[in-house]
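Trainee: Listed below, chain by chain, are the residues.
There are 2 protein chains.
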Amino acid sequence: MRFTSHMDLALEEARSAAARGEVPVGAVLVDPSGRVVASAGNRTRELNDPSAHAEVLVIRQACAAAGSERLPGHDLYVTLEPCPFCAALIAATRIARLYYGAGDPKSGGVAQGPRIFSHAQAHHVPEIYDGLAGDEAAQLLKAFFAARR
Amino acid sequence: MRFTSHMDLALEEARSAAARGEVPVGAVLVDPSGRVVASAGNRTRELNDPSAHAEVLVIRQACAAAGSERLPGHDLYVTLEPCPFCAALIAATRIARLYYGAGDPKSGGVAQGPRIFSHAQAHHVPEIYDGLAGDEAAQLLKAFFAARR
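Heads up: the sequence lines are chains A and B, in that order.
First residue of the first sequence: 1, per this note's numbering; consecutive thereafter.
First residue of the second sequence: 1, per this note's numbering; consecutive thereafter.
Rather than coming from a laboratory, the hints here were simulated on the basis of the structure.
Take the hints with a grain of salt, since some may be wrong.
Since the list gives no way to pick out one identical chain from another, each pair is judged satisfied if it fits inside one copy or across any two copies.
Below, a list of computed lysine to any residue pairs in the SDA-like style, where the Cα atoms sit at most 25 Å apart [said to hold, decoys possible]:
#: 1; residue 1: K142; residue 2: A66
#: 2; residue 1: K106; residue 2: S118
#: 3; residue 1: K106; residue 2: S5
#: 4; residue 1: K142; residue 2: D31
#: 5; residue 1: K106; residue 2: E127
#: 6; residue 1: K106; residue 2: Q61
#: 7; residue 1: K142; residue 2: A111
#: 8; residue 1: K142; residue 2: R45
#: 9; residue 1: K106; residue 2: S68
#: 10; residue 1: K142; residue 2: V37
#: 11; residue 1: K142; residue 2: H123
#: 12; residue 1: K142; residue 2: R70
#: 13; residue 1: K106; residue 2: Q121
#: 14; residue 1: K142; residue 2: Q61
#: 15; residue 1: K142; residue 2: D8
#: 16; residue 1: K106; residue 2: A120
#: 17; residue 1: K106; residue 2: E69
#: 18; residue 1: K142; residue 2: Q121
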């Protein structure tokens, strides 16, 4: 139940991102007590910042609030499989658990391509749970890109 | 000559980072006309931002100034082999040429580990030139970590 509501919030962030013309991906970061400490959708276009993926935004926000470069014990919910960039940041930040929705054959870096967590250069590997609300997350992306063609 | 002076500036940024207690890595971004548009050293500790690697800082700065998420035709000089996080951002940003100094067996993501540019999920591959002032860059890192032990 708790997992579902966190992913629901991530989906809301993804829908808000789409409404802003951003690729619809949303992320939610939850601290060890279960409190949502950050939520965001992509803002790369708005900010002209190629690093402003949803995952990066919530991690930066939570680290700034915590006064730390690391977030041990935190859970990250994201609607899409993280790209290699975000996956490597998740490792660096020591996120405990990663829940993601849809797989991303084109740009994913967790279950395919560089498989960031499968190399010794990833100094931490989170527990990974995929497919949570995956159909809904994938549908959002599909509708977004279909409307742009 | 031009290449050397850009890497010299990156080394200066690395030395400044060490003086601030940051891992000594420096980066310089050069636009297609040869103008230095951004230079930075690591600031992860100062900013409590695990994404504040030298490469990310120069890319974010240059993108904000250019009003664009991409930097085609730009050259990036960095004293250390980029980590998977930075390498993936370099791909996303469409940096044309990557010059780096020392290899990084522990955390590198270009020539080892996830080898970010060797997968289809990297949508762009820069020209890569390694070993530029590599000894000096490696020495800076070695001295920094030796002093902390």
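Trainee: Now tell me if each hint is right for this structure.
Mentor: Outcome of the hint check:
no.: 1; hint: K142 x A66; verdict: neither (36 Å within a copy, 30 Å between copies)
no.: 2; hint: K106 x S118; verdict: both (19 Å within a copy, 14 Å between copies)
no.: 3; hint: K106 x S5; verdict: neither (27 Å within a copy, 38 Å between copies)
no.: 4; hint: K142 x D31; verdict: neither (31 Å within a copy, 35 Å between copies)
no.: 5; hint: K106 x E127; verdict: both (23 Å within a copy, 22 Å between copies)
no.: 6; hint: K106 x Q61; verdict: neither (27 Å within a copy, 27 Å between copies)
no.: 7; hint: K142 x A111; verdict: within (20 Å within a copy, 34 Å between copies)
no.: 8; hint: K142 x R45; verdict: within (19 Å within a copy, 39 Å between copies)
no.: 9; hint: K106 x S68; verdict: between (32 Å within a copy, 22 Å between copies)
no.: 10; hint: K142 x V37; verdict: neither (29 Å within a copy, 37 Å between copies)
no.: 11; hint: K142 x H123; verdict: between (34 Å within a copy, 19 Å between copies)
no.: 12; hint: K142 x R70; verdict: between (34 Å within a copy, 24 Å between copies)
no.: 13; hint: K106 x Q121; verdict: both (23 Å within a copy, 6 Å between copies)
no.: 14; hint: K142 x Q61; verdict: neither (28 Å within a copy, 32 Å between copies)
no.: 15; hint: K142 x D8; verdict: within (18 Å within a copy, 47 Å between copies)
no.: 16; hint: K106 x A120; verdict: both (24 Å within a copy, 8 Å between copies)
no.: 17; hint: K106 x E69; verdict: between (29 Å within a copy, 19 Å between copies)
no.: 18; hint: K142 x Q121; verdict: between (33 Å within a copy, 18 Å between copies)
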